[in-house]
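2 protein chains.
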Amino acid sequence: MIDCGEGTQVQLRRNKVHFGKIDHVFISHLHGDHVFGLPGLISSFGLLGRTKDLHIYGIADLEAVLLPVINYFSRELPFKVVFHHIDPYEPSIIFEDSVVEVSVFPVEHRIPTVGFLFREQPKDRKINKEICDFYGVPLRVLPKLKKGEDFIRDEGEIIANEKLTFPAPPPLSYAFCTDTRPNGSIIEAVKGVDLLYHEATFMGAQEELACKTFHSTARQAAQVALDAGVKQLLVGHFSSRYRDLSPLLAEAREVFPNTRIAKEGTVFDA
Amino acid sequence: MIDCGEGTQVQLRRNKVHFGKIDHVFISHLHGDHVFGLPGLISSFGLLGRTKDLHIYGIADLEAVLLPVINYFSRELPFKVVFHHIDPYEPSIIFEDSVVEVSVFPVEHRIPTVGFLFREQPKDRKINKEICDFYGVPLRVLPKLKKGEDFIRDEGEIIANEKLTFPAPPPLSYAFCTDTRPNGSIIEAVKGVDLLYHEATFMGAQEELACKTFHSTARQAAQVALDAGVKQLLVGHFSSRYRDLSPLLAEAREVFPNTRIAKEGTVFDA
Numbered sequence: 001m002i003d004c005g006e007g008t009q010v011q012l013r014r015n016k017v018h019f020g021k022i023d024h025v026f027i028s029h030l031h032g033d034h035v036f037g038l039p040g041l042i043s044s045f046g047l048l049g050r051t052k053d054l055h056i057y058g059i060a061d062l063e064a065v066l067l068p069v070i071n072y073f074s075r076e077l078p079f080k081v082v083f084h085h086i087d088p089y090e091p092s093i094i095f096e097d098s099v100v101e102v103s104v105f106p107v108e109h110r111i112p113t114v115g116f117l118f119r120e121q122p123k124d125r126k127i128n129k130e131i132c133d134f135y136g137v138p139l140r141v142l143p144k145l146k147k148g149e150d151f152i153r154d155e156g157e158i159i160a161n162e163k164l165t166f167p168a169p170p171p172l173s174y175a176f177c178t179d180t181r182p183n184g185s186i187i188e189a190v191k192g193v194d195l196l197y198h199e200a201t202f203m204g205a206q207e208e209l210a211c212k213t214f215h216s217t218a219r220q221a222a223q224v225a226l227d228a229g230v231k232q233l234l235v236g237h238f239s240s241r242y243r244d245l246s247p248l249l250a251e252a253r254e255v256f257p258n259t260r261i262a263k264e265g266t267v268f269d270a
Numbered sequence: 001m002i003d004c005g006e007g008t009q010v011q012l013r014r015n016k017v018h019f020g021k022i023d024h025v026f027i028s029h030l031h032g033d034h035v036f037g038l039p040g041l042i043s044s045f046g047l048l049g050r051t052k053d054l055h056i057y058g059i060a061d062l063e064a065v066l067l068p069v070i071n072y073f074s075r076e077l078p079f080k081v082v083f084h085h086i087d088p089y090e091p092s093i094i095f096e097d098s099v100v101e102v103s104v105f106p107v108e109h110r111i112p113t114v115g116f117l118f119r120e121q122p123k124d125r126k127i128n129k130e131i132c133d134f135y136g137v138p139l140r141v142l143p144k145l146k147k148g149e150d151f152i153r154d155e156g157e158i159i160a161n162e163k164l165t166f167p168a169p170p171p172l173s174y175a176f177c178t179d180t181r182p183n184g185s186i187i188e189a190v191k192g193v194d195l196l197y198h199e200a201t202f203m204g205a206q207e208e209l210a211c212k213t214f215h216s217t218a219r220q221a222a223q224v225a226l227d228a229g230v231k232q233l234l235v236g237h238f239s240s241r242y243r244d245l246s247p248l249l250a251e252a253r254e255v256f257p258n259t260r261i262a263k264e265g266t267v268f269d270a
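Protein chains in written order, with this note's numbering: chain A, 1 to 270; chain B, 1 to 270.
Read the hints as simulated data drawn from the structure, not as lab findings.
Since the list can't tell identical chains apart, any single copy or any two copies may satisfy a pair.
Below 30 angstroms or equal to it, Euclidean Cα-Cα: the simulated DSSO-like pairs (lysine-lysine) are:
# : residue 1 : residue 2
1 : Lys212    : Lys52
2 : Lys263    : Lys16
3 : Lys212    : Lys80
4 : Lys191    : Lys123
5 : Lys52     : Lys80
6 : Lys126    : Lys146
As the structure is a computational prediction, the values presented were derived from the model and not from experiment.
Whole structure, please, built from the sequences with the hints as guidance.
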């Protein structure tokens, strides 16, 4: 999960996201609307009897401010909260497992803030069942084929992996840039991702205000997407002054047509 | 406002309660579901440019735990947050102005917890306009009549106040008892109030669990209302296990018929 504003646990319940699926929480920066849901979420995890560790990633101050609150309100948690400190000024990999790699890169807000980049790990090649049956490939060999190895038959004949498998689906990538001015280093960081979330707090007409408050306009977000050559753009974090979001979307689409609105509760498939 | 769980500011907005109307927040005890909305509320007050002091009443620990969070996340608040420490073991008056007096009394929960009693101050008598006109009462005298003084005419004749005014409407009283076992001292504290809010976390069938977790059943809440001779009872703080609240209400009404459910967003008139 990325960021955790007040009421996150309510939204999770409303959208039927199982609490047990959340093992890692990535906090982009320490403004209340990105953090104030953590004490309640952790407390609810405890009441629900969670035992798995919960990993929280943020700048060092997060642990310093949050830990006393957790210690006071959730004295006997049945699980461990593990804090991981992010250096907000240096791009780095902060998490990796067999499925995904998560890295951070600095963005440009009023306080130290990072963006997150999620890259799927390279995937296994897919077995071509028909051809495998034809060559009599035994089941125990399939994991090796998935990793790209050739198949050597008992009589020594080598069957090339490319014959027996389909290419692995390309690993997907997702970048999350919240609360930031548009910035050249961001363009570099998110180059070519499949999906870019970029904040678009204001419309182009409020560009000056956006700059002053270290936010972006819809047009600027779209320009980042265009310059970075991403496949799809999601815009969000809109100022509450905009009741109707369609002009924001239209503004972004003028620059980057494949833009969508990150509306609460919507699920986007790659 | 009494207590401030996570998402309180969302509920206030949803129910169109003007943020500027809230000057005093009374915190019954330091469990997260009664406190975690405070940092966000205070932060939003700041963003909205509030300048009036905000008074927060709770045990001393509240300031100790909350202040570092406020200081970190709301560094330059345009208003002052004033903490008032409650002694949770001694009944006492914690606030008084010309309209209302607020006092606390201990209740019986797992941690130090108080109930709140709100008593309207005695009100002014109402002017009987017709009779006042008949006796030629000048406007400048009306405030004195409202306070109960007689009217002395220029020629020395005394017109009794009772002739010129109607009795003041009786001051109303409201008691709030959350998160508590039923308790004799509570019955004393809320004696005869117009409206009693009492928690009813469980049904009678779960009385043992209620006792163990320092909560009350609907039947027990109703018994408190009956024994204290209150006029009306509101029950709330229901365990999430009850999807349908009507059996809870029926159980309470068996003991105390004038019971209602404190459903979110409902307004109760005296």
